[in-house]
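Chemist: Heads up: the protein sequence lines correspond to chains A and B, in order.
If you read the first sequence in our numbering, its first letter stands for residue 1, the second for the next number, and so on.
If you read the second sequence in our numbering, its first letter stands for residue 1, the second for the next number, and so on.
Do not take every clue at face value.
What the hints assert, rightly or not - With a straight-line Cα cutoff of 25 Å, these simulated DSS-like cross-link-like pairs (lysine-lysine) come out:
(1) A/Lys84 x B/Lys256
(2) A/Lys356 x B/Lys422
(3) B/Lys377 x B/Lys395
(4) B/Lys259 x A/Lys84
(5) A/Lys69 x A/Lys395
(6) A/Lys405 x A/Lys395
(7) A/Lys32 x B/Lys84
(8) A/Lys80 x B/Lys259
(9) A/Lys259 x B/Lys256
(10) B/Lys229 x A/Lys84
(11) A/Lys214 x B/Lys449
(12) B/Lys395 x A/Lys32
(13) A/Lys256 x B/Lys214
(14) A/Lys214 x B/Lys214
(15) B/Lys276 x B/Lys301
Think of the hints as simulated: they come from the structure by calculation, not from any bench.
Predicted, not measured: the structure shown is a model, and the values here were computed from it.
There are 2 protein chains.
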Amino acid sequence: MQGFLGHLKEGNMSLFTDFYELTMCASYFDNKNFETATFDLFIRRLPENRSYFLFAGLEEALQYLQTIKFTEEQLSYLKKQGFKWDFLDYLRNFKFTGEVWAVPEGTIAFPNEPLIRITAPIIEAQLVETFLLNTVNLQTMIATKASRVVHAAKGKSVIEFGLRREQGIDAGMKVARSSYIAGCQGTSNVLAGQFFGIPVFGTMAHSFIMSYPKEIDAFRAFSKTFPNKSTLLIDTYDDISGAEKAVVVAKELEAKGFKLGGVRLDSGDLGADSKKVRKMLDDQGLTYVKIFASGDLDEFKIHELLTNGAQIDSFGVGTKMGTSADRPYLDVIYKLCETINSNGEFSPIMKLSKDKITLPGRKQVYRFKNKIGDYEKDVIALADEKIQGDPLLVKVMAKGKIIYKLPSLDEIRLSIAQNLSKLPGGYQALTEAPVYVVELSQNLQKLIKTLKRQITINEINGTSNPPS
Amino acid sequence: MQGFLGHLKEGNMSLFTDFYELTMCASYFDNKNFETATFDLFIRRLPENRSYFLFAGLEEALQYLQTIKFTEEQLSYLKKQGFKWDFLDYLRNFKFTGEVWAVPEGTIAFPNEPLIRITAPIIEAQLVETFLLNTVNLQTMIATKASRVVHAAKGKSVIEFGLRREQGIDAGMKVARSSYIAGCQGTSNVLAGQFFGIPVFGTMAHSFIMSYPKEIDAFRAFSKTFPNKSTLLIDTYDDISGAEKAVVVAKELEAKGFKLGGVRLDSGDLGADSKKVRKMLDDQGLTYVKIFASGDLDEFKIHELLTNGAQIDSFGVGTKMGTSADRPYLDVIYKLCETINSNGEFSPIMKLSKDKITLPGRKQVYRFKNKIGDYEKDVIALADEKIQGDPLLVKVMAKGKIIYKLPSLDEIRLSIAQNLSKLPGGYQALTEAPVYVVELSQNLQKLIKTLKRQITINEINGTSNPPS
């Protein structure tokens, strides 16, 4: 596998795609189909226990579009897969030249709303599908999940701790980024800290304790190294006797003019244990020592703990947030909604499988707010309709170049906090949240009706063309 | 995010770690703790509906261990995080110098069995924890899941189709690899095809159909480009009228001396539709045209389809396999089990939190087979015990160098097929499989008893050391 990771660098991600994107493109090319196509990237439905999406991943999506190209090595590989040289010659000079509209990262979004809208020659627009879906799926899923965890923590800090069980290296990086913009205070992932400038946190594992003959020796050794910022893990053997030893060490630190940072509980009944430990600390005048909890946490567990009065100051949330374990994917899709042929004629396009309908035409999403500025409803309309409300999609790329100032992570983080503050509280309920209203404009509804009739006549009840 | 992917190259993954690995190592260093430690990487328990694990990820784990190092840029970042220069000077020359034993990729494994056993100076052994867990978690989880899907398909081919919703770029690559070794025929991921030499598959999406005025025009265009290997997607508007048009195009191809490869169903009632479509094809003498099914498949759905006589030749399995959606992580952990101090004295180590016990000492796993060579039970023993049965852990690294011939993907794939053939069928049941017997040797049981008593006296019922 040597070399594997090195492969994953910008400008070389063109083969990170489903094979069918290439066979379709080869056939478009072979049939001289160079018409302009518009695709919408959107999410079909809300998973159980999700009432909104926090859109994330635009920055990488745009970097990818701006840099995609094919190397000679890649073309040789494709030759061996049976593609013809004329198509490969086309790929040799491939650049993405399209126009892209998107909602900014951190936008609160709902099913069927276009999140990214791509207009480009059909081969270009088709080829980029898989990568865009992959990056938006993961980042939007995690930002959404993390926002729920942060909401449940009611202002207590949440640190992303899932690196060891996140699904691979790239996931480790993107989960740190997505959960930070969604409101987490930081991550355990040092590479994400270095790369994104996200604050990093962490102190000790059970192995550190166990490597010393006695637990208290480990506490003393660690707090010697980090006298003012140690969080001692107290549950390796028994959390109450661990807490007793932490008190001893805290007093030793005080005698030297230092302060113990905190203690960490990682197993057992976090609620009951945190209360006992808080009392033990307070009884010794150690009110400044924080209690940190981790171990199998998610938004539901945190909600339950805080509802029952757990004395926890900070949560380390790992696997369940870092894999979005209760729903580890989104129904994110990328669908053709319009073509323009060489004569400049527009054709709105709709899919009409039994259980899967898509919205035709080039579209915009408008958000309506109430008098105090809270989100009230959205309307999905055709892009050329005049609709009140705030348009969500902005032009981010023209002729294949980013024309949009990419916000910093902290800017995205701030805008997410602001956006969530405008989403009425009910929609942020962890379970059984009401459904936010998303309407289709009159013109869009009319277009759907017309196309349904047309497809039914042309493709389903009509007669097939005779063999030629 | 520019530059992000380029970061992920060998020899530069040292910061892909939880921050606490570094704080612990800094404290080991500060306290001059350079004792030798042995850590076990293992999985705590079987998730629901899993009855074994297929171990995967060793190749990348070993490459990582052999190449890990720290760059000046990384050291500067760590300096800003508060680490002292003496520790950073140590990291500047850091190399992993340890000994590693592991079960080969593709080994069938069970809870608590050491999969990778690392013996090294404690700083080295500690620092590598997070990366090892991350890579083994994902690859073992997916190989296990994919083997269930392949089992359910009863010899029909399974193609991995989940790239768009796998959790990031690295997951996309590792899922392709892990599912291929577990028995899938190939992947849709072209980069995995190029990089690993895995066969790639795919033909067309709905957008291809919809980009043409009529469905049959799209079928004709595609089969013009790929006259002998087209699989036509027939459910864009209605699968039965789609199948009628596929028959027309198949006949047109026949007239030109070509053969349609197949048709694909991606929605609706795959079982009922496949039977109707099979009959339509057969009635026209198109018995050679295969039926390919995709759309929300997993081992349970495939089992149900085949049990009900679905006429499907090949399955494209995506999201649910590619994220292991019903259980998107494993309880994989990395625990200290032994230290050797500078006087050469061995201390077996055990964790004894309320609900989490670990097995002390350096261990080996022995597999017992019955007369016909089928797996019967395993025994986890201390490494120096004399036990019958086949030892599973082999020495793969000495002094930080790989001393083991890494098998090719196809060799691993073959050994997995052989291993699964020796696991009695009951253990491969999709639900309610019996529990495979894993015993602890007498000596290991004795050691656990002794340590339990010792820990209870020392840490739980004993008195704390007085403040110094």
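Chemist: If a hint holds in the structure, say so; if it does not, say that too.
Modeler: Hints, verified against the model:
| no. | hint | verdict |
| --- | --- | --- |
| 1 | A/Lys84 x B/Lys256 | holds (20 Å) |
| 2 | A/Lys356 x B/Lys422 | violated (43 Å) |
| 3 | B/Lys377 x B/Lys395 | holds (22 Å) |
| 4 | B/Lys259 x A/Lys84 | holds (20 Å) |
| 5 | A/Lys69 x A/Lys395 | holds (23 Å) |
| 6 | A/Lys405 x A/Lys395 | holds (11 Å) |
| 7 | A/Lys32 x B/Lys84 | violated (64 Å) |
| 8 | A/Lys80 x B/Lys259 | holds (22 Å) |
| 9 | A/Lys259 x B/Lys256 | violated (85 Å) |
| 10 | B/Lys229 x A/Lys84 | holds (14 Å) |
| 11 | A/Lys214 x B/Lys449 | holds (18 Å) |
| 12 | B/Lys395 x A/Lys32 | violated (58 Å) |
| 13 | A/Lys256 x B/Lys214 | violated (82 Å) |
| 14 | A/Lys214 x B/Lys214 | violated (76 Å) |
| 15 | B/Lys276 x B/Lys301 | holds (19 Å) |
Of the hints listed earlier, those the structure fails to meet are numbers 2, 7, 9, 12, 13 and 14, in rising order.
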